[in-house]
Each structure stands twice: as C-alpha cells, then as structure tokens.
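Chains A and B are the protein sequences, given in the same order.
37 is the number that my numbering gives to position 37 of the first sequence; each next residue is one higher, with no gaps.
90 is the number that my numbering gives to position 90 of the second sequence; each next residue is one higher, with no gaps.
Just so you know, the hints here were simulated from the structure itself, not pulled from any lab data.
The hints are all genuine.
Distance condition first, Cα-Cα at most 30 Å in a straight line; then the derived DSSO-like pairs of lysine-lysine:
#, chain 1, residue 1, chain 2, residue 2
1, B, Lys68, B, Lys105
2, A, Lys57, B, Lys105
3, A, Lys13, B, Lys105
4, B, Lys108, A, Lys57
5, B, Lys1, B, Lys42
6, B, Lys68, B, Lys108
7, B, Lys42, B, Lys105
8, A, Lys57, B, Lys42
9, B, Lys42, B, Lys108
10, B, Lys108, B, Lys1
11, A, Lys57, A, Lys13
12, B, Lys42, A, Lys13
13, B, Lys105, B, Lys1
14, B, Lys1, A, Lys57
15, B, Lys68, B, Lys1
16, A, Lys57, B, Lys68
A few chain B residues that don't get close to chain A, going by computed Cβ distances all over 10 Å:
#, residue
17, Glu15
18, Thr58
19, Ser69
20, Ala79
Far from chain B by the CB rule (all over 10 Å, computed), these chain A residues:
#, residue
21, Pro8
22, Ser27
23, Ser51
Cβ atoms here follow ideal geometry from the backbone N, Cα and C, with glycine treated the same way.
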Amino acid sequence: KAGVTQTPRYLIKTRGQQVTLSCSPISGHRSVSWYQQTPGQGLQFLFEYFSETQRNKGNFPGRFSGRQFSNSRSEMNVSTLELGDSALYLCASRSGSGKNIQYFGAGTRLSVL
Amino acid sequence: KQEVTQIPAALSVPEGENLVLNCSFTDSAIYNLQWFRQDPGKGLTSLLLIQSSQREQTSGRLNASLDKSSGRSTLYIAASQPGDSATYLCAVTTAGGSEKLVFGKGTKLTVNP
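Bound conformation, chain B alone (with noise of 0.2 Å):
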C-alpha cells in the first residue's frame, strides 16, 4: 500500500528565504508526483506536476525535484514571500490503472513578513 510522507509538518520562515519541502513515498512504481498548495477553507491548486521519467520541473520561484529510486520529492521555493503561506500537499499516481491520487498529509508554511 502506497503511503506519502511530507516533512516537516509546519515550517515558519522570514519573508526572502529559500526553503525546501520533503515528500517521501514507500512504493517507487508511481507514474507521476504533483505538488498543490492549499489555502485555509479552500480547495487545491495544482502547482507542479513531474511525470515518472523526470527528474525536476519548475515554474516560477518554484522547483520540484524526484527521486522515484530512493522514493523521494522536494520542492524548493526560491526567495519566499508572505504570499506563499499556504499548505503544501505531495501527491503521488500510482503506475497501472488507477487514477487516484496518494497525498501525505501536508507541510503548512507560513511566511513572516
């Protein structure tokens, strides 16, 4: 059973900073990993999305990385923003039929100005 791990639970950094968010998978057979940010009462927005095959995307002051041998993703974000205080959910597709989507449970970011 494919579990996701996201260290670490909360992170709280002053505005400028780069910082690094940890997901961690038990089963490497995925077909691909999204990052969402979640804000309060709100639904998901889909940030990255890295197919199997790859080894990063970016968008923006964003970058997600993986690792599918030693089951491992971060997304880095470059000079943070108070704007970015949200709670960063990991995602990942299991290879075969099915479509559902395995989250861990999240690292909540808050930004101080």
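Only chain A is shown next, with the shape it has when bound in the complex (with noise of 0.2 Å):
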C-alpha cells in the first residue's frame, strides 16, 4: 500500500508570491492534516480536512488555505509569502474512524527568499 504522498518536495519563491503544495493520503484514508515544522515553533497544526470538509483550524493567518476534493487528496494554498513561511509542511493522513494513528509523509521544504 503507497504511502502519503507530497509533492514537490522541494520549493524555492520569493516574498509576495503564492505557492500550492499537495498531499495524496494513504487509499481510503478519508482525513487530511496539515502541519508547519519549524527550527523554532517546532510541529504546529494548520488545519484538518475530513470528506471535503475543513474540520479544524490551527491558528494562523487567512494566508493560509486549503482543500480537499472527492478523491482524499488535499492541496494546501500560501499566498503573499513571507520570509517566515519558509518552514518543511508535513500532511498526515488517517482512516478517519476514531483518533487512530496518523501516517505522515515526507513533506515539503518550502524556501521563501
């Protein structure tokens, strides 16, 4: 069974930009996490899709969007960057049935200059 899946691995963009990063989950996995890594907030939560649905929001700015469609795969949207966006976005992906476990993928390594 394929894992997560998230592309691009890499991102480079300058400030003002926007970018768009994608998460494929693990088949029949119904919900979708976003999380921000950073050397000094660490793992912060971004927000939870489940079935199309925005089920959670962590605490960051309108800057930050995303979406999930009919197939479980959800895209994460930044627009106007900023240096401090630069950060590896990770999404998890679970069955969605109960607080199970989550699987991870390999994330995305955004450089915003």
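Combine both chains into one complex, guided by the hints.
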C-alpha cells in the first residue's frame, strides 16, 4: 500500500508570491491534516479536512488555506509569501474512524527568499 | 491550552545503552499519545500510540508508558543502536472533537558506535 505522497518535495519562492502544495493520502483514508515545522516553533497544526470539509483550523493567518477533493487528495495554498513561511510542511492522513494513528508524508520544504 | 515538553532536547549515548526519553503535557484530558521518529529532512514515522485508558505499549525494543494523571510519558529504548539516531517527538490528541496533534519539540538522539 502506498504511503502519503507530498509534492513537490522542494520549493523556492520569493516574497509576495503564492504557492500550492499537494498531498495524496493513503488509499482509503478520508482525513488529511497539515502541519508546519520550523526550528523555532516546532510542529504546529494548520488544518484538518475530512470528506472535503474543513473540521479544524490552527492559529494561522488567512493567507494559509486548503481544500480537499472527492478522492481525498488535499492541497494547501499560501498567498503573499513571507520570509517566515519558510518551513517543512507535513501532511498526515488517517482513516477517519476514531482517533487513530496518523501517517505522515515526507514533507515539502519551502524556502522563501 | 495544551503544551507538551520534552526533556532532554538532545542526548548522546554509546551503542548498547538503555535509555529513557521524557514527555510531559499540561492538560491531562488527552485522548491518546503518540511517539514519532523523524530522520533528518524526512517526515514522521509513528512508533507507538497509547490510548488514554492504557498504561503502556511495546514494540520490539521500544516501550512507552503513560501516566495521564501526572501528565507524563516515557519512551524506553533498550540496547540502543546507531540506527536509532533520530529526533523523537511526542504528541497528544486532546479529548473532544479535535483531531489535531500537539507536539513537543523533540529529543535529538545520537547513538555512537
């Protein structure tokens, strides 16, 4: 069974641009969550989607948004990039039934110059 | 607000040593606790998940314990090997509707041959 796939693995953008990251969950998993990891703040929750609906949102500005498609694939968008958005963005999937193990992808490393 | 703390931030041990990593959380109303491993530049690998009603979980050389009332968990690694070198992260899911994981900042473990 294929794991969680995140694309692209690396991105370099400049301030003010926007970026879209993609996450394909494990087959059959309906829940996708996104996390931001930085050296200073560690891992912080961005949002969670279940069956195309956002169920939870972390404490991030409105520049961070996401969506989930009918096949459970999810995208995360960051508009008007700032230097502080440089981070490893991780996606996690789980089956959605009960609070069970979350499986993480390898992440997308975003560098904002 | 749930906060998770991991001590120590870094640990260096010789191969073969048994070791304990510590995790504490401020709100005992958790649903479960997970231990993850992260290799440099990679995503997270789930090691053990302990439900709030459980006291411990074991997988191979790993044993995780949970004391919900005192807000503590430990990860015991027996007979450490150089391949165990990684950052170990502890995360809790709070009781209630949210599925988000609240992470500690991790313990960076180095096992020297």
